[in-house]
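Please model the entire structure based on the sequences and the hints provided.
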Amino acid sequence: MNKQLIDIEATQLNNETVNPFVEETIPTQQITQLKVSSEKSPSEQLIEALLTYPDRAIDILEANEELINSELVEQMELAAVQMKAKGSTDAANFLKNIASQIKKALAVCEFREANEESLSAYHHLIEVLLTYPNQTSKILATNKKLLDAGLFQVMEQMAMQMSTNGSEKAAVFLQDLADQLQEAGYHQLPAAQTKRNWKLWFGGAVVLLSGLSILLINPFAAKTPPSQESTLNSVVSSDNALPFKTVALEAVDSYQVSRNYTGTIAANRSSELGFERNGKLLSIDVDEGQKVETGTILATLDRSSLEVQRQQLLAERSQGEAQLREMQAGSRPETIAAARAKLDQAQAQLDQMEAGSRAETIAASRATVTELEKQLELAQSKRDRRKGLYQQGAISREQYEEVDTEVNAQQARLDQAKSQLDEILAGTRPEEIEAQQAKVAETQSQLDELLAGTRPEQIDAQQAAIAQIDAQIASLDIDLNKSTLKAPFAGTIGAINLNEGTAVSAGQGVIRLVENGDIEAHIGVPVAEVAQIKTGSTQSLKIGEKIYQAKVSSVLPEVDSATRTRTVVLKLEGIAANEISPGQTANLALDQTVATSGYWLPNTALVSGVRGLWSCYVIGEPIQNNIYRVARKDVEVLYTEGERVLVRGTLQKSDRVIVSGTNRLAPGQLVSVIGD
Numbered sequence: 004m005n006k007q008l009i010d011i012e013a014t015q016l017n018n019e020t021v022n023p024f025v026e027e028t029i030p031t032q033q034i035t036q037l038k039v040s041s042e043k044s045p046s047e048q049l050i051e052a053l054l055t056y057p058d059r060a061i062d063i064l065e066a067n068e069e070l071i072n073s074e075l076v077e078q079m080e081l082a083a084v085q086m087k088a089k090g091s092t093d094a095a096n097f098l099k100n101i102a103s104q105i106k107k108a109l110a111v112c113e114f115r116e117a118n119e120e121s122l123s124a125y126h127h128l129i130e131v132l133l134t135y136p137n138q139t140s141k142i143l144a145t146n147k148k149l150l151d152a153g154l155f156q157v158m159e160q161m162a163m164q165m166s167t168n169g170s171e172k173a174a175v176f177l178q179d180l181a182d183q184l185q186e187a188g189y190h191q192l193p194a195a196q197t198k199r200n201w202k203l204w205f206g207g208a209v210v211l212l213s214g215l216s217i218l219l220i221n222p223f224a225a226k227t228p229p230s231q232e233s234t235l236n237s238v239v240s241s242d243n244a245l246p247f248k249t250v251a252l253e254a255v256d257s258y259q260v261s262r263n264y265t266g267t268i269a270a271n272r273s274s275e276l277g278f279e280r281n282g283k284l285l286s287i288d289v290d291e292g293q294k295v296e297t298g299t300i301l302a303t304l305d306r307s308s309l310e311v312q313r314q315q316l317l318a319e320r321s322q323g324e325a326q327l328r329e330m331q332a333g334s335r336p337e338t339i340a341a342a343r344a345k346l347d348q349a350q351a352q353l354d355q356m357e358a359g360s361r362a363e364t365i366a367a368s369r370a371t372v373t374e375l376e377k378q379l380e381l382a383q384s385k386r387d388r389r390k391g392l393y394q395q396g397a398i399s400r401e402q403y404e405e406v407d408t409e410v411n412a413q414q415a416r417l418d419q420a421k422s423q424l425d426e427i428l429a430g431t432r433p434e435e436i437e438a439q440q441a442k443v444a445e446t447q448s449q450l451d452e453l454l455a456g457t458r459p460e461q462i463d464a465q466q467a468a469i470a471q472i473d474a475q476i477a478s479l480d481i482d483l484n485k486s487t488l489k490a491p492f493a494g495t496i497g498a499i500n501l502n503e504g505t506a507v508s509a510g511q512g513v514i515r516l517v518e519n520g521d522i523e524a525h526i527g528v529p530v531a532e533v534a535q536i537k538t539g540s541t542q543s544l545k546i547g548e549k550i551y552q553a554k555v556s557s558v559l560p561e562v563d564s565a566t567r568t569r570t571v572v573l574k575l576e577g578i579a580a581n582e583i584s585p586g587q588t589a590n591l592a593l594d595q596t597v598a599t600s601g602y603w604l605p606n607t608a609l610v611s612g613v614r615g616l617w618s619c620y621v622i623g624e625p626i627q628n629n630i631y632r633v634a635r636k637d638v639e640v641l642y643t644e645g646e647r648v649l650v651r652g653t654l655q656k657s658d659r660v661i662v663s664g665t666n667r668l669a670p671g672q673l674v675s676v677i678g679d
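Residue numbers (the working numbering): 4 to 679.
Think of the hints as simulated: they come from the structure by calculation, not from any bench.
The C-beta atom is built at its ideal place from N, Cα and C for all residues, glycine as well.
Take the hints with a grain of salt, since some may be wrong.
[As the list claims (entries may be wrong)] Computed list of lysine-lysine pairs in BS3-like fashion (alpha-carbon distance at most 27 Å, straight line):
| no. | residue 1 | residue 2 |
| --- | --- | --- |
| 1 | Lys574 | Lys554 |
| 2 | Lys574 | Lys294 |
| 3 | Lys141 | Lys636 |
| 4 | Lys99 | Lys148 |
| 5 | Lys537 | Lys554 |
| 6 | Lys294 | Lys283 |
[What the hints assert, rightly or not] Using C-beta positions, here's what the derived DEER-type ranges look like:
| no. | residue 1 | residue 2 | range |
| --- | --- | --- | --- |
| 7 | Val311 | Ser273 | 34 to 40 Å |
| 8 | Gly520 | Lys485 | 24 to 30 Å |
| 9 | Thr92 | Val640 | 25 to 31 Å |
| 10 | Thr588 | Val610 | 17 to 23 Å |
Quick look at the structure:
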């Protein structure tokens, strides 16, 4: 079939311009008769006629019954899409609606042709529903075998016809009921023949509407005619009561709640290692992730200045030890002889000072003065002669100054000799004699000391000086040891924080070392829950996606000021130590007993109520053999655990609760019980 779309923006019929949405009185034959044209297919002409005379759609379709099939529906839907794209929204919606009705009519007609008896049952059920709308739940529950797609399509088409005939309330009631049933899951359409006869649907609808015309005048009036029970019984049969499974209530006065508490995984020991002194980082001797043993050298500082200081102290110590040995051995003979000679010399000088100058000394001093006076006179005479020559220009100034300088030097020597002569004639001064006496006493003391040997306190002082040097050397050795960073325990290098050449401060973290072996979980638990955790007990920890067993090693006594919890320390051993890394999150689940009264129910027993509340259905006293009437009771959900819930409400211990198919139930509905 040609799929060319229909352009309806300028449609004419019999060369007359028409308005597709204005009602006109035109003979039916003129409207329904399609032209024989080679340009457009019969289906395209049919669509054009429907758009031109929308109020005569039924007549057009009846006159062209042989063209109504699924291909026509597809072409109508395609044309509606094209018209909407061009802006002809009203015409597109009209055509789409007609296509939808034809599609539904074709489906229902297929079913009717295959099962005329079922269609009759549908009509009868709809008639009862419209007659007794307040008994809808009971009627549907006892006729569940008729709840299928065929019924829903008949209900929807009937609703459309009722709306067209002015029975708006009945139409809304029937359409809403069909929607609700389809949402509940009744959607299977019985198998049917492929033969299509769209007029069967319209014909059946007209017949049913005629039969219900009196009822539709006021289908929702509260009426209970004398024949109501007999009418209901003609539709409601105990044999058709829906079967449901029930359970007896399980009353409890408490329940267990699992509380999860989160903590972190930590190694037994994890340290930020650093040096105990300042210095320049000389080398890093390990790599991140490397496993090390206790005592392994991790890093070193520059120690050259410390080594120089140590060598200097060692030299001072050697010198001090030599002096100590000398003190302990005493003075040598040659040292004592030298001291004696020095004392004799000083004593002789003192004796001379005290006795005064001798005559020969005075005569010698005077002879020296006389000789110097003669030399001075000679020099002066020579200077006078040279002065005359200089003035005459016979000699240079330099020659004259040489003689003058010699005269000055002779004068100075003469003055010194006269001073010494005067001092000899006057005798030695008292202060000079006292100074010489002190020198003699000092020299005598030194000699006595040498003769007596070194005193014990001097030897002790020297030994103390050597001990002080030893202490300085030991202090340097400690600093030298502190220049090497060693592993305090076996572990794995977690991080290296600094590089070579960096100036390091004392205590600054250089390398992070994490201990190998067992690891621990530190989890904060509320104070009220700590009592149920016993030291040495085994608990299950969830770490990642796995569950591990851990032993409680301790519970810290103090309460964390931030979380108001006490820390529980759990030790993981064995394979967990290889699979888990410090820093991971661990979850500890503890059961807590909550005291409250209620009933355990399966999740499937609950139905949602108004304003977020919940309800369940219970069965009452039997009406017939294994036939019960359903009652709805509101409940409050206290706790959810897997596939069951704990509730409380208006339930009684003797109640039996429906646990399956609750979406198909309504209060007052008749049901049968299929066992626990």
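Taking the hints in turn, this is what the structure says about them:
Distance check on the hinted pair: Lys574 and Lys554 sit about 5 Å apart at the alpha-carbon level, within 27 Å; holds. Taken as a hint, the Lys574 and Lys294 pair is honoured in the structure, with Cα atoms around 22 Å apart against an allowance of 27 Å. Between Lys141 and Lys636 the CA atoms are separated by roughly 18 Å; this keeps the pair inside 27 Å, and the hint holds. Of the supplied pair hints, the one linking Lys99 and Lys148 is violated, its CA atoms being roughly 33 Å apart against a limit of 27 Å.
Between Lys537 and Lys554 the CA atoms are separated by roughly 10 Å; this keeps the pair inside 27 Å, and the hint holds. Simply put, Lys294 and Lys283 have alpha-carbon atoms about 25 Å apart, close enough for the 27 Å limit, and the pair holds. In this structure the supplied range 34 to 40 Å holds for Val311 paired with Ser273, their Cβ-Cβ distance being about 38 Å. Taken as a hint, the range 24 to 30 Å holds for the pair Gly520 and Lys485, whose Cβ atoms sit roughly 28 Å apart.
The hint said 25 to 31 Å for the Cβ distance between Thr92 and Val640, and at roughly 48 Å that hint is violated. About 39 Å separates the C-beta atoms of Thr588 and Val610, a value inconsistent with the hinted range of 17 to 23 Å.
When held up to the earlier numbered hints, the structure conflicts with 4, 9, 10 and fits the remainder.
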